[in-house]
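Student: In case you want the letters, here they are:
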Amino acid sequence: GNSVTQMEGPVTLSEEAFLTINCTYTATGYPSLFWYVQYPGEGLQLLLKATKADDKGSNKGFEATYRKETTSFHLEKGSVQVSDSAVYFCALTTNTGNQFYFGTGTSLTVIP
Amino acid sequence: DAGVTQSPTHLIKTRGQHVTLRCSPISGHKSVSWYQQVLGQGPQFIFQYYEKEERGRGNFPDRFSARQFPNYSSELNVNALLLGDSALYLCASSFNPPGVAGYEQYFGPGTRLTVT
Numbered sequence: 001g002n003s004v005t006q007m008e009g010p011v012t013l014s015e016e017a018f019l020t021i022n023c024t025y026t027a028t029g030y031p032s033l034f035w036y037v038q039y040p041g042e043g044l045q046l047l048l049k050a051t052k053a054d055d056k057g058s059n060k061g062f063e064a065t066y067r068k069e070t071t072s073f074h075l076e077k078g079s080v081q082v083s084d085s086a087v088y089f090c091a092l093t094t095n096t097g098n099q100f101y102f103g104t105g106t107s108l109t110v111i112p
Numbered sequence: 001d002a003g004v005t006q007s008p009t010h011l012i013k014t015r016g017q018h019v020t021l022r023c024s025p026i027s028g029h030k031s032v033s034w035y036q037q038v039l040g041q042g043p044q045f046i047f048q049y050y051e052k053e054e055r056g057r058g059n060f061p062d063r064f065s066a067r068q069f070p071n072y073s074s075e076l077n078v079n080a081l082l083l084g085d086s087a088l089y090l091c092a093s094s095f096n097p098p099g100v101a102g103y104e105q106y107f108g109p110g111t112r113l114t115v116t
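These protein sequence lines map, in sequence, to chains A and B. Residue numbering for the first sequence follows my numbering, starting at 1 and increasing by one per position. Residue numbering for the second sequence follows my numbering, starting at 1 and increasing by one per position.
Calculated directly from the structure, the hints in this document are not laboratory data. Take the hints with a grain of salt, since some may be wrong.
Stated by the list, open to error - Beta-carbon label-pair distances, calculated as ranges:
{"hint": "1", "chain 1": "A", "residue 1": "Ser58", "chain 2": "B", "residue 2": "Gly58", "range": "38 to 44 angstroms"}
{"hint": "2", "chain 1": "A", "residue 1": "Ala17", "chain 2": "B", "residue 2": "Thr20", "range": "44 to 50 angstroms"}
{"hint": "3", "chain 1": "A", "residue 1": "Val82", "chain 2": "B", "residue 2": "Ile12", "range": "38 to 44 angstroms"}
{"hint": "4", "chain 1": "A", "residue 1": "Asp54", "chain 2": "B", "residue 2": "Thr20", "range": "42 to 48 angstroms"}
Stated by the list, open to error - Computed list of lysine to any residue pairs in SDA-like fashion (alpha-carbon distance at most 20 angstroms, straight line):
{"hint": "5", "chain 1": "A", "residue 1": "Lys60", "chain 2": "B", "residue 2": "Glu104"}
{"hint": "6", "chain 1": "A", "residue 1": "Lys60", "chain 2": "B", "residue 2": "Tyr106"}
{"hint": "7", "chain 1": "A", "residue 1": "Lys60", "chain 2": "A", "residue 2": "Tyr39"}
{"hint": "8", "chain 1": "A", "residue 1": "Lys52", "chain 2": "B", "residue 2": "Ala87"}
{"hint": "9", "chain 1": "A", "residue 1": "Lys52", "chain 2": "B", "residue 2": "His29"}
{"hint": "10", "chain 1": "B", "residue 1": "Lys30", "chain 2": "A", "residue 2": "Thr94"}
As the list claims (entries may be wrong) - Per the computed footprint, the stretches of chain B lying under chain A, defined by three or more beta-carbons under 8 angstroms from a beta-carbon of chain A, are:
{"hint": "11", "segment": "11-25"}
{"hint": "12", "segment": "72-80"}
Note that this is a predicted model, so its numbers are computed, not measured. We treat Cβ as the ideally placed atom computed from N, Cα and C, and that holds for glycine.
Construct the entire structure; sequences and hints are all you get.
Tutor: Right under this line is the structure:
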């Protein structure tokens, strides 16, 4: 089946620290991978995506590389800011499916 | 351009009642999906519609139903509400149908449903 596993949170970092949030997946068919971000009281915003193996998605200093050999799509940012505090969701959809599958989310808090 | 809009923002219902949630997709998007997000969890798929046809249904009871209108807006209906239906209900729209390369979803702010 299709599923996404994210690292457990919450994660607390100091401003300007390096961020990694791990995400691994299982999929039938050919998956596209996504990271969404959810700020308090809001819906999900698309952060970045990658649609084929070895693609790197990037946006607002965040990046993630689609690794087929390790079935992973880890999110990274070199220097986090207080404004990055949010919940991050890894998700996939496949070329044979009709829905997105989400991980449980990782809460990030960045302290000044 | 306006993003996905949902109404109402919040509502409180009593067990056994029914509720209707509404969603307007991004202009030009013909696909609408509904998700339930329980506190502390990721969104769970409920329904997907494309061009007014149901294209997918998640593992939810028959108390949940939906439809899409000719203008591509959508309604989610939940009958005989249970306490466990309390959640954030998210609507997402997309330009492409599911399974097409480049398929991506854009989410609305959600409707917070509380069942007492």
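Student: Work down the list of hints and note, for each, if the structure agrees.
Tutor: Taking the hints in turn, this is what the structure says about them:
1. Between A/Ser58 and B/Gly58 the beta carbon distance is about 31 angstroms. The supplied range of 38 to 44 angstroms is therefore violated.
2. Taking the beta carbon of each, A/Ala17 and B/Thr20 are about 45 angstroms apart, inside 44 to 50 angstroms as hinted.
3. At about 33 angstroms, the beta-carbon gap between A/Val82 and B/Ile12 misses the expected band of 38 to 44 angstroms.
4. In this structure the hint that A/Asp54 and B/Thr20 lie 42 to 48 angstroms apart at CB holds, the actual value being about 45 angstroms.
5. Between A/Lys60 and B/Glu104 the CA atoms are separated by roughly 18 angstroms; this keeps the pair inside 20 angstroms, and the hint holds.
6. For a cut-off of 20 angstroms, the pair hint linking A/Lys60 to B/Tyr106 stands: about 18 angstroms separates their Cα positions.
7. Using a Cα cut-off of 20 angstroms, the hinted pair A/Lys60 and A/Tyr39 holds, with the two alpha carbons roughly 15 angstroms apart.
8. For the hint linking A/Lys52 to B/Ala87, the alpha-carbon distance of about 33 angstroms lies beyond 20 angstroms, and the restraint is violated.
9. At roughly 24 angstroms between alpha-carbon atoms, A/Lys52 and B/His29 are farther apart than 20 angstroms, so this suggested pair is violated.
10. For the given pair, B/Lys30 sits about 19 angstroms from A/Thr94 by alpha-carbon distance, which is consistent with the 20 angstroms threshold.
11. Coverage of a stretch by a chain is defined here by at least three residues with a beta carbon nearer than 8 angstroms to that chain's beta carbons; for the segment 11-25 of chain B and chain A the count is 0, and the condition is violated.
12. Counting residues of the segment 72-80 of chain B whose beta-carbon sits less than 8 angstroms from any beta-carbon of chain A gives 0, not enough to reach three: the coverage restraint is violated.
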